[in-house]
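Asks: One line per chain: the protein sequences are R and C, in this order.
What the first sequence shows, in this note's numbering, is residues 1 to 314, in sequence order.
What the second sequence shows, in this note's numbering, is residues 1001 to 1314, in sequence order.
What the hints contain is simulated information worked out from the structure, not anything from laboratory work.
The C-beta atom is built at its ideal place from N, Cα and C for all residues, glycine as well.
Relax, there's no trap hidden among the hints.
Derived coverage of chain C by chain R (criterion: at least 3 residues anywhere in the stretch with Cβ under 8 Å from a Cβ of chain R; other residues may be distant):
| hint | region |
| --- | --- |
| 1 | 1020-1027 |
| 2 | 1149-1163 |
| 3 | 1285-1291 |
Short, incomplete list of chain R residues facing chain C, as computed with Cβ under 10 Å:
| hint | residue |
| --- | --- |
| 4 | Thr152 |
| 5 | Val160 |
| 6 | Ala164 |
| 7 | Leu168 |
| 8 | Val245 |
| 9 | Ala247 |
| 10 | Gly253 |
| 11 | Leu267 |
| 12 | Ile274 |
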Amino acid sequence: MSENRSEPETGIPAVDASGLPDHVTEADIRESAARERREKLRMFLTNWQGLIGLILVILFFASAIFAPWIAPYDPNALDVPSRLSGPTWDHPAGTDQLGRDTLSRLLYGGRVALKIAAIGVSVALVVGLILGMIAGFGPRWLDNLLLLAFDTVRAFPTIVLALAMVALTGPSLGMVLAIVIITSIPQYARVARTATLTLKNTDFILAERSLGASMTRTLLHHVMPNVVGPLLILAAMDVPVVVTVEAGLSFLGLGVLPPTASWGTILNEGYLVIRDAPWMVIAGGIPLILTTLGFTFLGEALRDVFDPRMGKGR
Amino acid sequence: MLFYLTKRLGLSAVVIGLVVLVLFSLLHLIPGDPATIALGPRATPEAIARYAAKMHLDAPVWQQFLIYVGNAMTGDLGIDVFSDRPVTAIIMERIGFTLALVCAGMGWAMLLGIPLGCLAAVKPNSWLDRVTGVLSVGTIAVPSFLVSIWALLIFAVHLRWLPAIGAGEPGDTASQLRHLILPAFAIGLSWVGYLARMVRASMLEVMGENYIRSARAFGLRPRRVIFGYALRVAILPTITLIGMGFGGLISSTVFAEIIFARPGIGKLIFDAVMARNFPIVQGAVLVATGLYILVVLFSDILIAWFDPRVRESL
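Can you make the complete structure from the sequences, with help from the hints?
Replies: Below, the structure is given as structure tokens:
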């Protein structure tokens, strides 16, 4: 973890595009940038946690995307005579109370998790990025107002807020997405805001502003590229949280509804028959653990390589 | 310090106010007449009229809000429509179970995690350090509701060492303690790794400081240097972490209470959501959220007490 946090001495000249020293040509800069990239790639590839994480994440994506081709059975096909069976050659992960094949259902459940994670994280990231940049760049009162809004959302424990929201509308996939997005936005916005604040008074932004660039142009072309990096690392760390919230809510019967297969609904059905068929809750938990482990490892490795400072602050 | 205290308290009060506003408006967003929703479709017109009068439903919404806030200030959170008892009394009956669980879970995690982190930092790369590293990564990645389910499966269903559900016989301390073990284990497990990691990182940093070298040079015993000098400073980021993570702790407590059928606040909210009993949802969510805000406030004040630099920054 923290062992790899030492910064490599690459001897890169300060890349200050405005005033290059005479003996530094553009080719030199390009070469040193390429060298730095190679160095970072090497750091990432020698980090065993990062590699395991990457493999698990690829597995997660592949199994979710190709589920219809890999799954041995239809996830909703009933086979009541062989219900609640343990692992057999026909059903490697056993069957549930209606004789549905648990392995197939787990593979299809991965699709739900992927959908929630992909949509939830990207929407939260974009909205958080925009709000954070506005808070950092805009007038003081707007900043305070947005901070207060973020504090209010963060004041709710996630599941408690989710319970309150589901109480009103009833459970659905859209509700899970809304909960995930609302509770994730503040953390992206806070990181984006802090980064924007430090950029606000740098020379290149001031120069851009004095040339008459509009606020939109300054934010989109100059601030955003410098802010988005840490947010992407944060996004990798956020996926496990999002996937866990979905599984947790579905487990409570407040997320994805049966008969749709989701890791949470499988755990829920397994919990009800835990005394007769322990296989279901065991098998149901494994993909969840592998996914959270994978994204946590990957996120931490990316952070160690690209942004050594972030390790401590959070 | 006084300035910081006033400002921080003021901010918390505003956030609590906003939380009440959010909860209140959430409940008024549901389409339909609140009295019919609360009492069900088969309620008699007289019962609906009585309920509407009791809840001031004929007043404008903003007046209802002010009445609710005013009542909440005096500890009156409304009346439960099913049992016709005050919501506050119902919450007070349950909150003890939740507090006991939270304290037990956090308690064992701190008792184990903090010393583990210390020892790992004192002897980096020893076997203990490695075991702690693997343990912390492993436990952080496993969602707590899954730990609850698996703990229930292993220790209650399979090995039959501990009772699976309930909170024990009233008045029988031994039985209540036995019922506390599994849920406390489940919600504390990921915190052991989390705390050990955090303490290890900040201890490693502090152990390199000059004053630690001085303390050593004075010939103080290693144990005194570690626990008397280094840990005092290294514990600060951990206090922040515990405060911030308390929301997550409440979320996992909700799951643990539902899975182990323990009659705490989380189970209360869940059952009320299922029964669409809105006064209970509103009151219990408010109490759970208020608890979280108080803990964050307390940890912030504690940090400011220890570290003068924090006071200046707000």
